[in-house]
Amino acid sequence: VFDDAGYAAGPIQERLGTHDRALAQTPDRPVYLRRIGEDDALAVLVLLFMLDAPVATDVLERQLGRDSVELFERIGLVVLENGLVHGTVRLVPHEHLLIASDRYTEDFPDHVAAVHGPSATMAHLTVRRPVARALDVGTGNGIQALLAAASADRVVATDINERALAFATFNATLNGVENVEFRAGSFFEPVAGEQFDLIVTNPPYVISPESKFLFRDSGMRGDSVSEQVARTLPEHLAEGGFGTVMLSWVQTGEDATIRPAGWFEGCGCDALVLHTGTDEPLSIAAQWNRDLRSDPDEYAAAIDRWVDYFSQEGIGLIAFGCAVLRRRSGTNWTKSVRMPSRALEPAGAQIEAMFAAQDFLAGLADERLLLDERFKVSERVRVEQELLLADDGWALRDSSIGIATGMRFTAGLDEVTTALVLGLDGTRTIRDALPAPDEAHSQQELEEIGVRVVRQMLELGFLQRA
Amino acid sequence: LLQVETGLLLDATALPIARRRVAADETPLAALVALFLLGDPLEEPEGHLGPGAAQLLAAGLAREDSGRLRRQVAVIPHDDILIASDDPNGDVGAAHVPEVSRSSATLGSLTVRRRVERALDVGTGNGIQAVLASRHAESVVATDVNERALAFAEFNCALNGVDNVELRLGSFLEPVVDERFGLVVSNPPFAISPDNELVFRDSGLGRDRVSENLALALPSVLDPDGFASMTASWIVEGDDVATRPCGWLERAACDGWVLHDAPVDPLTSIAGWTGGCDDAATDRWLDYFAREGIERVAYGVLVLRSQRGDGWTRSRRLPERPTTAGPHLERLFAGVDAATTDLAPVPLMLAPDVDIEQVIRRSPEGWQLAHARLRLTGGLPFETNVDDSVLDLVRNLDGRPLATLLATVPFEGRPKVIAVARGLLELGFLVPVE
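Chains as they are written, first to last, in the working numbering: chain P, 1 to 466; chain S, 1001 to 1434.
Looking at chain S on its own, in the form it has when it is part of the complex (with noise of 0.2 Å):
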């Protein structure tokens, strides 16, 4: 309906256009669009929604002003699932709900989703992580220090048909001490922020003091073989992006993965939640941040998990497009396991969802290879550049320990043969075989 492919948060370029395509469409789905997402006032309500006008007034999702329906709360979908969250422009302050995000959308793709008797999602906000959870755990305490946000997350569970949830009031884990789970999730108010304004943003411990916490504190609820994802950021510092939240994975025994975006600059990391508009607001960030001596800011997701043997942790960028990811995540972790052992027995192959990317160039000579690279087409779709050698070894890797095709290689070749096989299995490329 809207033409649009990049979600449906429309900002201030898009929305005159997606009202004039809203309102030359007579269907219910383009009064509902107008009314929940567009936030405009809907006229002759009834024409266009029939009973389902009178519905939505009784549930209090939309009000009356003088025969026009007016949204109470925005309604946005999120795959199969709808989430009623404040309105955008509304005045509630502080403990402001906000809709699915760009990072809450990320952590749902980037969660284990293997079934579990318990599930705990800290500072559930509108509730999505915790409806998402409800499909493979028995059941799932959300928790949430605003109780609006319970509200919210309350409503979106009836919304949604989703009766294991338990909401319960608290700070982060304090509802829940002394509790196990086998899956914890957690989209926490990770802006780095001088304010203590919006829950939702501000944990009004300063610096990346939130992300830290709660990394350290997250084994503390989780079952052995459970597994946790949180969203955060970090300050960088020195050239590698991801030192710091390994130190924290590294401190809280955990084995896990951070899987992160490039990192940006103060402005860019301000002006993603000020908005970069409010004059006033991004000089005080950028003086705090000048103060604290903060250049460089990344944000991710942390994967983690119970310590096994001598502990890893590894890390990188996020593909642009992470889908569903939860098999591919249970992949990394057992790369890096068998990785991390001799490797020499262990037999390899292929995974199933890889395919090789080669362009070819003439030269005089005829054809030749330009580049090649290895690509995952699902999950995280990670790609490694691979030269000759490397297609080789990918060619004859058939299930056989990688023992066997040693043999066949010169001694001085060996190391590298390993160094590359190691790699492409912690990233998923290959798998061990059962």
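The shape of chain P in the complex, shown without the other chains (with noise of 0.2 Å):
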């Protein structure tokens, strides 16, 4: 019946005029009830399970027949109720999946969120390769579960949640997904001793004074939760493997990634730490209670709540991000990159390859070896370039090299750096690609800039070893 309706994210934000997803919650309900109407199949369907309005009876069945609203009303989408028709579930499209949640009227602390922003920043950190074991812990409404099985033979996927692991288990059913068993229990304890070749996990880590909802507020003090599944994970991750874990974390002085990386210290894995942002208290708290903007004094009230909490705790700056690890015998290394604020797209490979990158970094005997090995320039690479009418000609004025997919990192260049990306195509080693010397740099400063920038330029994915 989705299907049929064209039930995906394009048609529906095209329909509704809006990239929000918040649609049952923002000011903008009333243009959107207006703007959607119910002239046919997807237009009653969004009003039903995205909007969260009722549609009468008689209308339902006009657009989808009378099967599809008995269908419905049997497997417990829907109430019927004086004529009128009432989703029960908020139902959002993710790619090629369809998964039920919570409404967000629905305000006890079992609450299960919708699929929201951060699941898809999980998603598209997430190394997807072949494996056998996977695990989700706290999968919610099993969206990370359901997106692992793809590519595992078997997922295990936990929650503390009854009422998640019930919504998780109907989405597996809804997508036709059999190879994910649900366990219940707190983080890990459904699998003590099991290890997994991919472990995904989002969980609430978000540093609040409110332990009222399960998928938001673990009620433990400020960056615990995130130490604690950070440290706990690399003991269920077989050699080799990759995890994904969410985090959020107290930032002190000016590193903001040592508290985070210090996790990791001895785990037996090798960590890439992505810092997303760090935000002050006060837009934490706003960012954190948006969904109660329509209620101002209850907002503000919130914003108070959060803000003395952090002032209490001593909590100046807070960080958010993910790290990605894998476990690996030998000498691990760790690895921190700020992320681009250019969205973020899949990113699988590129992390793949930034593993690669560090492992070959750190199997260098000797930095200046680098100068002697072949590279060539990512395909996925744009260089930018901006020109502006001199007297002789066009001049340079401004260039960068970016990515085009992925992690979308940039990185300004200047004349040499710009000389040497454009020489680096897999036949000249990095010594012949950099200019020539001249009064500005000797051959040794140029070699030293050529190191330097060769080896970030390595570890953020611009460039393949030839």
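Everything labelled a hint here was simulated from the structure, so no lab data went into it.
We put the CB at the ideal spot given by N, CA and C, even for glycine.
Take the hints with a grain of salt, since some may be wrong.
Stated by the list, open to error - Among chain S residues calculated to face chain P with C-beta under 10 Å, some are: (1) 1017; (2) 1019; (3) 1020; (4) 1352; (5) 1354.
Mind docking these for me? Both chains are given alone in their own frames, and the hints should help you get the complex.
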């Protein structure tokens, strides 16, 4: 029924004229209700399962057919009352999946949240290679488990929230996924002693004074939920397996990632810490209480409560991000990277390339050996140049390099690095691609620049070894 | 102080955050922001503002309320100008005088700012356009049908030390019949609305008649070499967004540019005026749009001048962040004037504020041009995609007549070269060499 109606993110956003996802909970809801109408199957499905608005039974039967309405009622997706049909869940399309969760208006502790921004971030930062066993910790509506199921023989998904497990089980059935096993319990408790080739977890990492929602608030102090999950995950990772965990931490001092990097010391894994951003308490409080906007007093009170809590706990800055771990025997490395501000796209292959680059760099006896290596610029790379008309023709004013997909890193280029980048075609060594020494740069300086820049570009996935 | 980048008109999400930022700051600036921008009462006014507190009371900008100061009006900075307007939460009713809106700010950017003897601001409201014009006009006449607006405009002139603005009560052009001005600006009540409730919003004329009537009337008060800029909204029919206002300019015997935003559907337009939350108003307006058969609406600025020669009109999407564009507008008029003549003898060169952004990518054959575009860096920051052949043309235009360049182009390639040069000239990427 949903497929036939075209119930997918693109058509729905186009119909409503918005990219907003929190459709039922914004001041614009009256506008959306009028824009969607009820003239076809897509419209009535959006009304029921996105905008949380009832539809008259006869209208629904006309648009979907009586059989479909009866089926919806039988499986509990709708209830009929006084000639009106009410949706009982929110249904969010995500790529090829359709994910049920609680409606926004259902305000109870075991509320199961919908697919939202961080779910997509998490999915994009997961390495997708075929594996035997995968684990999703704190599965919620089950989205990560269902995504993992496509490239794993078997998936185990845990949640302490029985209601979440019920939704996740329903969503597995709804999407025809049969290789996920759901287990009740807190975090890793249901998989004690077990190891997996892929682990994903989007824990309730928000640093908050509340324990209102299981999906958001761990009820643990400060960033201890992130720390506990980060420290436990490695035990459950099989040799060579990758794990992705969403994190939030209290930032102390200049070095944004020193705290989470410390959690991974001696854990037997290589760690890539991806730092999304850092905010001050007021911004965090506002951001996580956005849903209260329609009630200005409650919104203001929540902001005060959160800001007071941060101040009591001495929390000045809060950082967000993600860590990707890979279990590997031997000497492990940890690398921290600032995420680019440009919108994230699926980055699993890029993350694997970043791990390979770190392995390669860690294996070099001397950094200067890079000068004799041959690299080529990845075909996903773009060089952007700004030219200005000068007296003697076009002059390069500004030049930058960027990756067009995945984590879309960018970096500025100067004359030397521009020449180097344009020369890296896989046939030349770094030494040969460097420009000739001149008054500004000696050969030694150029080589130092070459080593430093090539290292950085390799680490972020700009370069491939030829 | 507020850490906002989107202007000073704060929505319900931003307001509580701004309040806390201001509360955490002890400076007089924070006290004034709390009082006049956020509209909050100010405790211990003398402690925050010293003798300034008494001055605010004396000027009538604030009133005392059991030891606290409350605003009588909003005061919002616009560049280096301070504009007083009605408290947005006040209950003045029909005569409400709003703050400097987004459309008013855009109009300020899209006005030709050459020195003139006399300037006219039609429907001045809080007076912002009159204050802006007073800086390059010997004298300014500002009209409004709303006496409350004239009082605000008079106050704002005084507040900003402007003494060459004469205010006249009356509807649109009535107070200036038979007079002529070197510059005319107007931000009329252009909402397409079924209501006649708010003077600043509803003209009561129905459909887009207020925009049409004003566009047709402006030439009657414009010097032959003067420019006029007005904001407008209009009903979009057919594929071309600007057909309708271009038709008005033709009927008014004006040359002109229609610089517009992307068209929107009735709901988006209505929600912009009613806030979207008032269900009854939204439904009433929707019914009106349906009854009138209005399916799409566009907003923009018309910049016009009395016709020279056969007359022309042009239109273009407004770039997202127009900055002060007076000189660029003059260039756009000069460009179309030149482009509508025989181009061959015209010496052309690239404008000084143009740059090229090109993106190159690696392919198995080496580095290739992925795309390139010309960008204007000031005024109206237009962009236009170009290919290798256009880049060649642009590189070779160094002030020589186009004909010299055409001589090197094969015969069959010449029409394209002329068409490209014409397009770039009209948008101000190329300029005729004096």
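Now for the hints, and whether the structure bears them out:
1. 1017: With a closest approach of 5 Å, the residue 1017(S) hint holds.
2. 1019: 8 Å, holds
3. 1020: Where the cut-off is 10 Å and the nearest Cβ of chain P is about 6 Å from residue 1020(S), the hint holds.
4. 1352: With a minimum Cβ separation of about 8 Å from chain P (threshold 10 Å), the hint on residue 1352(S) holds.
5. 1354: Hint holds; residue 1354(S) Cβ to chain P Cβ min 7 Å, cut 10 Å.
Checked against the numbered hints given earlier, this structure breaks none of them.
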